[in-house]
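Work from the hints to combine the two standalone chains into their complex.
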Amino acid sequence: MSELLRVEGVRKSFGAVAAVCGVDLHLMEGEALSIVGRSGSGKTTLLHLLAGLEEADAGHIFYRSRDIVGLDEESLALWRRREVGLVFQFFHLIPTLSALENVAFPLYPERIAPAKRRERAVVCLDQVGLAHRATHRPSELSGGEQQRVAIARALVHQPSLILADEPTGNLDTKTSDEILTLFGRLRADNGLALVIVTHDEKVAAVADRTVHMTDGRIDQ
Amino acid sequence: MNISYLFAELRRRPGRTLIAALNVALGVALFVSLQAYATGYREAARAPLAEIGADVIAQRQGAVPDAFEGIVFPHPTAPIHRAEIESINSVPGVEAIGEAVLFWDFESDRFLVGLGLDPAQTVGPGRLRAGLRAGRFLETGDSGVAVADTTYAEQSHLTLGDSVSIAGQSFSIIGLVDTSQAGQVASANLYLTLPDARAQAYAAPNVRSVFGIRADDANVLFIRADSPQATAVAEQVQSILGQQAIVTTPRSFDQVLGATFSVIDRFGFLVGIAGLLIAMAGLLRTTAAGLWERRRDVGLMRAVGWRRRDVSRQLLAEMLALTGIGAVLGLAIAGLVTFGLGFSRVTVPVPWELSPTPHFLPGGAVNMAVTIPLGARIDPGAALLAIVLALLAGGLASLWLARRAAGIKPAEVWRNE
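Chains as they are written, first to last, in this note's numbering: chain A, 1 to 220; chain C, 221 to 637.
To be clear, the hints were calculated from the coordinates, so they are not data collected in a lab. Every value quoted in this text rests on a predicted model; they were computed, and no experiment measured them. Some clues are possibly wrong.
[As the list claims (entries may be wrong)] Covered stretches of chain A, as calculated for chain C (at least 3 residues, CB under 8 Å): (1) 69-78; (2) 106-120; (3) 193-206.
Cβ atoms here follow ideal geometry from the backbone N, Cα and C, with glycine treated the same way.
Pulled out of the complex, with its shape left as it was, chain C reads as follows (with noise of 0.2 Å):
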């Protein structure tokens, strides 16, 4: 084999060079995309959970209220038992739970969702301190205060060291949190410390008559998992809690991202692999046809004395040259992509269970949705294997080819000239 020969035949004959390894490059490059487009998807789909620091949310589904007035639980948090909440720590793979009290108050003149959490818990809405836009945020002891909404404070003129009353208690607002902050999973208007809501909704008549309700439950469970582990502890934690469990997991998030994502996600490999097979038959008809055009240069080579494997060695190279020039290029070219498909943005629904509203009310039953930007990247094992399979390919395709041309024998060339 010639480098020098090989080089030559590459730079001047830039046409063919050029078409070879663009049939190469897309193929590659579509690959290379569809798997950076399928993991950008895949970590929006995870952005709401990591965003609250759990791996997992259980709640259990329970019965509607007889009446909506004062605090009642929403129909998907029925209350979770303590010794259930045990049960569920032990599970392995398990590393920390945030316990919540989520709940909606309905007084004659306003309507309001609470949130009862554990300031030092760091997973759940424990983070939202991370949000706190004005005063401090709830700390372990406070008793009779609450943290704000910025966008419910706003709407409902309420500012630090205003009241509000919730079944007759008033708590005095000692902090403004952006909720958004904490992925709009149980966003709720008002935050109190999760003793104030487990009593405000043990007390509360209308949680009582349809669940038999504990002093120290909780109706939303945040589980951060050891990742390798997420979906067995999910698996676990829906046994626990049996039929009525709502168990939410990132996998959840992808089934809500519609078509699209199902598509790319299920079919996008093999798509990809598809198109990497195309790219190598255009790369096989394109080297063909070259190959047509060049047979007296094959004739030529026999007749001046090159064996059949000096011949087939030159043309393979050649070929395997193509393909490593149209991998590398493909991978340029899934890298503009990828950095294009970074500037948009992709909405992530988030499941009405999650940040539950009355429906009854106006624009209650609109789910909440996180905005985040398409973090695609390229995936290296993606391009590994993109490259790998193009070479094979290319290398297998380019073995048959060559060793035809090698059988060309220059008188026959010539004769039929």
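Okay, chain A solo, but in the shape it has when bound (with noise of 0.2 Å):
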């Protein structure tokens, strides 16, 4: 296996805030990885960090050898459009657009035929065992099954790592199982890396590897 992601003493501030403070990590290509951190602990910002989300203030995060950090936000845009599934907390999905139509949204700005894109779709909603909600809008759809919509919407463009902030943060017990065994299917079907940045450490348990996260910086 080789190495995906090198994070290497990055470190970001809101104002006096520091939120990440010199964070070291490695991830390989198709590992699953948590980072588990209280509220606060600065583990959203080090996700968003490694999505390109938010501009670290030092540090070097290379992609498959590619420092990521000082790229532009198109060239993070489209490389988060080829390479990174995003998945969260609060599903983020488009209320006036279908179920299909959410797992497509990541496509349109590409040029595939619609057929195409909608084929995509389909697969991806069938492989999160929703083929037959993909007319329903997320209002229609229960918690989980909005969380699975995502998890098909961050699978659609076949990146090699998906990015989860509390996948299961806002569901009951038992979704929560199922999309934990839904993210170890997937995983398995499509080889993907995975990281998880969670405060339960029972959904931690489905990674390869786990770090802690205090106080912005990775326990030893």
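Laid out in structure tokens, this is it:
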């Protein structure tokens, strides 16, 4: 297995508040890593830095040996579109679009024929077991179903890395278990690398490796 | 830019779509309707002249007669000499001239307004032929005959074959005509042939005492002019007839239509433009508010890999679509308003000078008027201008808003929630 991601001395502050203080990490291709920490420990900011959604004040983030720190916004957007799938605690589905359209959403700016785009979205929706809910809008879906749609959306452009921020944080226990099982199956099927940020040790257990984060630092 | 996402946003946010589109629609409707209203009024103002087939009417102010006995000329109708008529005929843009002699006849037992006309002329009162109700109209070569206005004939108990005496000469009634068919301009009680009227006027002591009248003079000229040159023709006629000239053009009727028309005519365009701009500001406000509600969606776009220009294009297309829908809706509303305006009628006063009656007679100073449907219609140029302006203003506002929206950073949106 080769290295997919290497983080070296990354720092991020918001004014006087240091959110991430010199983090070092690495992730191998297909590996699952969980970052566990309490609220305010800086784990979400770290995830945003890994996704290029926040700009690091210092340090380097190498993705397949290419440093993404310092890339301009447009390059980062393109990089995310090709390499990264994002899953959020609050799902962030577009309320006016159906489940199928939400899954296809990251492909909209691509020059892909609508039929092809739809085909890929249907496959992903089927992978998360929601093909029968394709025409339903988010308001017509349960929380677990919405998160599964969000996971399908993260898969639709066939990324190498999934970044998940508290993916079960807004779900009940039973649904959380279903989502975690789904993550495990999708990893096995697609060979994806996964970074899960969570405060829940049970969620962290789905990963191959766990690191803990306190006050913006990875515990040694 | 994704069409299905665009339509989903428009269709599934009906409140926002409706308010934004209505904003534009009201602006476009206001602009187009005002222009349609002004067009209707302008055409109404042309009706009195159009009905008599003239673009310009020329008269000359003269002296008040020494005595109101027998035939006199109303003071706004001093004689216009043959040489002057020939000069006017040679003015570039003049296509035809209809000559007439308008006179008052004061008899011991009654008063009448008489008009001498050339029955062969299609410009001027010759068109009264279309208003014939009984008998026959005057023909070239007729003499000693007259056509009576139906209202006058009824009031004076005149019928076909009766005789009317004018300054001692008897005229037999050969036809009855509805004067209102000629736009109430130079309307009279009795219509004679031009040679008969000229002879009567030339011989009248109370005409000769104040005017140096000649046998072939006229005192009202109906001029048909090439439309683009009508204003220049009017100026030339004014110049030929001198300071005492009374030259009537459609613009003269605009002025008597009153303050409402003046305001619409002068400020309608500006008010329309202002309405359009206010509407676009409303669109901007509605869209900006909608965008604030959608900042999480925009954040998501950026997070899943939409570039700034992808976001900008999508939002720009949405707002332009809203503007387009609003513009079409606005045209439809303007169409309904214009249709409704078609049911209203406008009364166009005819200046006293064009149909003078003696002030000292009961009801004599009352101006005549023509009441016609307000022919409001949508001017394609105004409609096109409204759409272009709406799209231009909407486009610029949208561009600014879309660029701002594209700058939304997802992490900031989520951090602030």
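Do the hints match the structure? See the list:
1. With a threshold of 8 Å between beta carbons, the proposed coverage of the segment 69-78 of chain A by chain C holds, since 4 of its residues qualify and at least three are required.
2. Given a C-beta distance limit of less than 8 Å, the hint that chain C covers the segment 106-120 of chain A holds, as 4 residues qualify and 3 suffice.
3. Remark: the segment 193-206 of chain A is not confirmed as covered by chain C, as 0 of its residues place a Cβ nearer than 8 Å to a Cβ of that chain, below the required three.
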